[in-house]
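**Student:** With chain A fixed as given, assemble chain B onto it according to the hints.
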Amino acid sequence: MVAAPDEIVDLLAGFVLFADLPRPQLEEVSHSLDEQWFSEGQRVLRQGFTGSGLYFIVDGEVSVEVDRTQRARLGRGEYFGEVSVLLGEPPVADVVALGPLRCLVLAEPEAEGFLKAHPTVMYRMMQAQARRLRTANLFRG
Amino acid sequence: MASERPFPPGSYPVVVVGSGPGGLQVSYSLSRLGVEHAVISSDEAPGGMFRRFPLFQRLITWTKPYAPVELGSREYERYDWNSLLGEEPSHRAVMPPLMDGTSYFPSRPEMERGLATFAEVGGVRVRYGCTWKRTRRDEATGEFVLETTDGEYRCRLAVFAVGMTEPWTAPIPGLDRVAHYVGMKAPREYAGKRVFIVGKRNSGFEIADGLLPLARQVILGSPRPARLSVMVHSTAAARARYLQPYEDHVLAGGTLVLDAAIDRVEPIPGGGWRVHAAGTTRPGDLVFDVDEVIAATGFKTPLRDLPDLGVATFFQGGRLPAQTPYWESPSVPGIYFAGSVTQGSIGMKKYGSPSNSAAVHGFRYNARALAGHLARTRFGIQSERPRLEPGGVVEYLLREATVAPELWNQQSYLARTIELDPGRGIVDAGIRPLAAFVDEAGPDAVAVAVETDGDGDIHPAVYVRWEGRVDEHLLPSDQQHDFGGAEHRAQLAAVIGDLLE
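Just so you know, the protein sequences line up as chains A and B, in that order. Sequential numbering of the first sequence, starting at -19, is according to the working numbering. Sequential numbering of the second sequence, starting at 248, is according to the working numbering.
Simulated from the structure, these hints should not be mistaken for lab results. Keep in mind it's a predicted model, so treat the numbers as computed, not measured. Quick reminder that beta carbons are idealized off the backbone N, C-alpha and C, glycines included. It is possible that some hints are incorrect.
Pairs of lysine to aspartate or glutamate, EDC-like flavour, derived with a Cα cap of 20 Å [to be verified]:
(1) LYS432(B) x GLU539(B)
(2) LYS440(B) x ASP456(B)
(3) LYS596(B) x ASP14(A)
(4) LYS596(B) x ASP(-10)(A)
(5) LYS380(B) x ASP290(B)
(6) LYS596(B) x GLU62(A)
(7) LYS596(B) x GLU(-13)(A)
Computed spacing ranges between beta-carbons, pair by pair [said to hold, decoys possible]:
(8) HIS728(B) x ARG48(A): 35 to 41 Å
(9) GLU92(A) x ILE515(B): 40 to 46 Å
(10) GLU513(B) x GLN109(A): 51 to 57 Å
(11) PRO253(B) x ARG48(A): 46 to 52 Å
Away from chain A, derived, C-beta distances all over 10 Å, residues of chain B [what the hints assert, rightly or not]:
(12) TYR259
(13) ILE307
(14) TYR375
(15) ALA387
(16) ASP397
(17) GLY519
(18) THR528
(19) LYS596
(20) LYS597
(21) GLU631
(22) ARG634
(23) GLU636
(24) GLU642
(25) GLN727
The shape of chain A in the complex, shown without the other chains (with noise of 0.2 Å):
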């Protein structure tokens, strides 16, 4: 078949996290994801607030912040927020543009049911959350 030469289905072609779909999924998934800009300085999430999502960066620079602290930097091809939308709770940290950003975004509503439609990718990201429990408990031990 000849891939539509679609920008955001090559973009998340190379997401670990979507690397099992076949493009007519990854075409699906794209439509489903809503695409955002936000500017130097804008924060993205916010902590405490409800109705956040879940944020695949496409272009730029994050920083993740609890009480204006920065806890870590996230780069292109990165997601943030799953811990929010996976509990349903308002986010722990504020997650602030560094530079101009553009980002993918599932809502919380969507979450659990995209989730479950795309059972490979929930695979993926349990074990992206494995490999941070592991870094944790290490830390910890």
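**Tutor:** Below, chain B alone, put in the same frame as chain A:
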């Protein structure tokens, strides 16, 4: 006569481009605040996109001639999504008298007439037949220079209210060879034909609905399952008015609504088109031989050379300009937007629900707030900021949450704000973008918005800024959307009581 045309080329503090509802509203509101400006438009008369669209001549935004509140009042705006905002009685609610009473969705000609009426009674002057061609920056003065068919306009601030009506065709091989929504033939031409519509948003469903009595078969296809407004609580999803094709599909009436990635569209020798697709929610290859294919894949903003000037864009390769919460280009300060383009200023987008900035009933409030913002920040013109007594704040904010059309039509997007002014006490700071309130520094203050959560529950949300930190507090919903009861009063008083003391 040409000599009677206002705003000849020259230098103006602000130039507004466009004479659709966005341009008319921002010009009207700027005039009311005393901000001198010029308005230019390539059209010959007011109305913008409504001079031509919707194709099937009936809007999807309602105006209720009989509403629970007095016609022409501020509260009535919540029930009249199509009139622009007037500051005087004769400028308000211009739509209901122009409608023939057969539908609470105005026809396209009724809407066009309504906008022309508003421009006339509201005294909105426009230089028609003046087409903006190119834009540059005068490095010496910092001014923008808009080159038009009539000559050059120079300004420090430009507001582009140019709509989002330029056809955008999805990058599918062969799709550029078929008609786009804006260029489809007269409906009768599709009689007895098998028609494939690429796209399952409102424009796709509008065409499908219009062709039901004509086409031999209608097939709608796009990768994602159709999102329905009644399910996702948003006007951005397919509206109930257009869902007859969907019911036809569900009841196996012959119409097909498919979740499929369109791979390519090829002409069939001798006539017609072959559509190659791959199922998404139900995998499998699909091939359709049809008489006609229509691309209902959306629209983009006609930004001309603004990206070359540095205006950042986004959304599928640049269909919209990026914007701050006050609708300014973050990459080229001084360039502002009004009208449906303001959907590019995302706002809070809580629970994934977009603002109504793509439609008149949303962006008319953006335009008025923008005019106030420009007057305040660029021209030093302060609007009245009424003082509030501490004992009346709770009741005032809850009444706003119950009746304010800005809060209901722009949920989670615009908010009623009050500030603690050290000199004057508690003052009403007006309707502001919620994203600006929660993310920008400012005095101790409170904002109230109306929000719909992921379950469709509609409730007031209170944002309290205290010593630089903003916290969110959600109040309960009410089956009749009345937030003025004892429970709401007690909860809001508990939330803002300390601040007011």
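**Student:** Take the hints in turn and mark each one as holding or not.
**Tutor:** Tested hints:
{"no.": "1", "hint": "LYS432(B) x GLU539(B)", "verdict": "holds (10 Å)"}
{"no.": "2", "hint": "LYS440(B) x ASP456(B)", "verdict": "holds (15 Å)"}
{"no.": "3", "hint": "LYS596(B) x ASP14(A)", "verdict": "holds (10 Å)"}
{"no.": "4", "hint": "LYS596(B) x ASP(-10)(A)", "verdict": "violated (26 Å)"}
{"no.": "5", "hint": "LYS380(B) x ASP290(B)", "verdict": "holds (13 Å)"}
{"no.": "6", "hint": "LYS596(B) x GLU62(A)", "verdict": "holds (17 Å)"}
{"no.": "7", "hint": "LYS596(B) x GLU(-13)(A)", "verdict": "violated (24 Å)"}
{"no.": "8", "hint": "HIS728(B) x ARG48(A): 35 to 41 Å", "verdict": "holds (37 Å)"}
{"no.": "9", "hint": "GLU92(A) x ILE515(B): 40 to 46 Å", "verdict": "holds (43 Å)"}
{"no.": "10", "hint": "GLU513(B) x GLN109(A): 51 to 57 Å", "verdict": "violated (45 Å)"}
{"no.": "11", "hint": "PRO253(B) x ARG48(A): 46 to 52 Å", "verdict": "holds (51 Å)"}
{"no.": "12", "hint": "TYR259", "verdict": "holds (27 Å)"}
{"no.": "13", "hint": "ILE307", "verdict": "holds (21 Å)"}
{"no.": "14", "hint": "TYR375", "verdict": "holds (33 Å)"}
{"no.": "15", "hint": "ALA387", "verdict": "holds (27 Å)"}
{"no.": "16", "hint": "ASP397", "verdict": "holds (34 Å)"}
{"no.": "17", "hint": "GLY519", "verdict": "holds (20 Å)"}
{"no.": "18", "hint": "THR528", "verdict": "violated (7 Å)"}
{"no.": "19", "hint": "LYS596", "verdict": "violated (7 Å)"}
{"no.": "20", "hint": "LYS597", "verdict": "violated (3 Å)"}
{"no.": "21", "hint": "GLU631", "verdict": "holds (31 Å)"}
{"no.": "22", "hint": "ARG634", "verdict": "holds (30 Å)"}
{"no.": "23", "hint": "GLU636", "verdict": "holds (30 Å)"}
{"no.": "24", "hint": "GLU642", "verdict": "holds (25 Å)"}
{"no.": "25", "hint": "GLN727", "verdict": "holds (23 Å)"}
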